[in-house]
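Novice: Sequence:
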Amino acid sequence: MSQSGLPASLFLSHGSPALLLGPEAPAYGFIDGLGPLLAGAKALIIASAHWQTGVPRVGSSALPQTIHDFSGFPAPLYEITHPAPGAPKVALRTVALLQAAGFAAEADAKRGLDHGAWAPLRLIDPEARLPVVQVSLVRGGGPAVHLALGRALAPLIDDGAVVIGSGTLTHNLGRYRGQAANAPAANDVAPFAQWMAQKINAHDLDALLAYRRAAPGAVDHHPTEEHLMPLYVALGAAGDGAIGERLHDSVAHGVLAMDAYRFDRATAQANRAEVSPAA
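Numbering (the working numbering), first residue to last: 1223 to 1501.
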């Protein structure tokens, strides 16, 4: 954690775009209350489950557009915009950092913000003041690829940015049957979420990288992996020995675990421990 109290990175479960329409889902109030935590950030670097490309791409628009990349939702959702400024210089630095780490990264001046980015940010920063740079996931890349991608972004934290991974801790829409936002959780959601929490708390990278064969119900909760990969980006950005803290756990629509994590650098925690109460 920096002296300003900013986290190094966050993982947020954004769930459904309908989260924005009301507080029925418990995660609404949590995400809505995150504004003060991020108020001092110079930029937000966000990796969303809804942008996957063959090589990492970085949104470099000065004013990224709001992309309504969903269908079949209530009409008011298509009227919501999040006109946050971009940060072209930060975007180009992000590209350079990714390239230095061995990724064939590219800037993308046309790409806007998909709902994995703007939906949670609309609650966190309703006045759209914080500059936003979106980074794509690597299509077909697994945990190790996205952990490395996050590690490449770590120098941006020294510049005052916060890295955000936006996905959903469990995401199998094939199990959605019209359940209400506050419907009781399916019995197998908690075991997976608790396994992840234990391994993050222990910083057990070997287990986390092997989650697909080690975590209970992993394949069923993630038939495809894109909604969990932002967690690895956030974890990697905080660096070796990152301190993970679960900030929120709830379930939306019975099947979407909406857990959120804060990651701080281990050196920051060590520095805090060295300061005596009388200092």
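These are computed hints drawn from the structure, not numbers from a lab.
Quantities reported herein were computed from a predicted structural model and do not represent experimental measurements.
Ideal Cβ placement from N, Cα and C applies to all residues, glycine included.
It is possible that part of the hints are untrue.
[Stated by the list, open to error] Subject to a maximum C-alpha distance of 20 Å in a straight line, what follows is the list of computed EDC-like cross-link-like pairs (lysine to aspartate or glutamate):
#1 LYS1421 - ASP1380
#2 LYS1311 - ASP1410
#3 LYS1264 - ASP1347
#4 LYS1421 - ASP1486
#5 LYS1421 - ASP1410
[As the list claims (entries may be wrong)] Label-pair distances were calculated between CB atoms; the ranges are:
#6 ALA1432 - TYR1300: 33 to 43 Å
#7 GLY1439 - ARG1361: 34 to 44 Å
#8 ALA1424 - PRO1296: 16 to 26 Å
#9 ASP1381 - ASP1410: 16 to 26 Å
#10 GLU1301 - GLY1362: 15 to 25 Å
#11 PRO1377 - LEU1431: 21 to 31 Å
#12 ASP1428 - SER1293: 14 to 24 Å
Novice: Do the Cβ positions of ALA1432 and TYR1300 conform to the proposed distance bound of 33 to 43 Å?
Specialist: holds, 40 Å
Novice: Checking one constraint from the list: CA of LYS1421 to CA of ASP1380, max 20 Å. Satisfied?
Specialist: violated, 26 Å
Novice: Just tell me: holds or violated, for the beta carbon distance of PRO1377 and LEU1431 against 21 to 31 Å?
Specialist: Cβ of PRO1377 to Cβ of LEU1431: about 23 Å, so the range 21 to 31 Å holds.
Novice: Decide if the proposed pair is consistent with the structure: LYS1264 and ASP1347, CA atoms, cutoff 20 Å inclusive.
Specialist: holds, 13 Å
Novice: Checking one constraint from the list: CA of LYS1421 to CA of ASP1486, max 20 Å. Satisfied?
Specialist: holds, 16 Å
Novice: Is LYS1421 close enough to ASP1410, meaning Cα to Cα at most 20 Å?
Specialist: Holds, because 18 Å separates the two Cα atoms, which is no more than 20 Å.
Novice: Do the beta carbons of ASP1428 and SER1293 sit within 14 to 24 Å of each other?
Specialist: violated, 40 Å
Novice: At the C-beta level, are GLY1439 and ARG1361 separated by a distance inside 34 to 44 Å?
Specialist: Violated, since GLY1439 and ARG1361 (Cβ atoms, about 24 Å apart) do not stay within the stated range.
Novice: Are GLU1301 and GLY1362 spaced within 15 to 25 Å by their CB atoms?
Specialist: Given a distance of about 34 Å, which is not inside 15 to 25 Å, the answer is violated.
Novice: For the hint 16 to 26 Å, verify it against the beta carbon of ASP1381 and that of ASP1410.
Specialist: Once the Cβ atoms are compared, 41 Å apart, the range 16 to 26 Å for ASP1410 and ASP1381 is violated.
Novice: Against the 20 Å threshold, does the CA-CA distance of LYS1311 and ASP1410 hold or violate the hint?
Specialist: violated, 44 Å
Novice: Is the gap between the beta carbons of ALA1424 and PRO1296 within 16 to 26 Å?
Specialist: violated, 41 Å
In this structure, the earlier hints numbered 1, 2, 7, 8, 9, 10 and 12 are contradicted, and the remaining ones agree with it.
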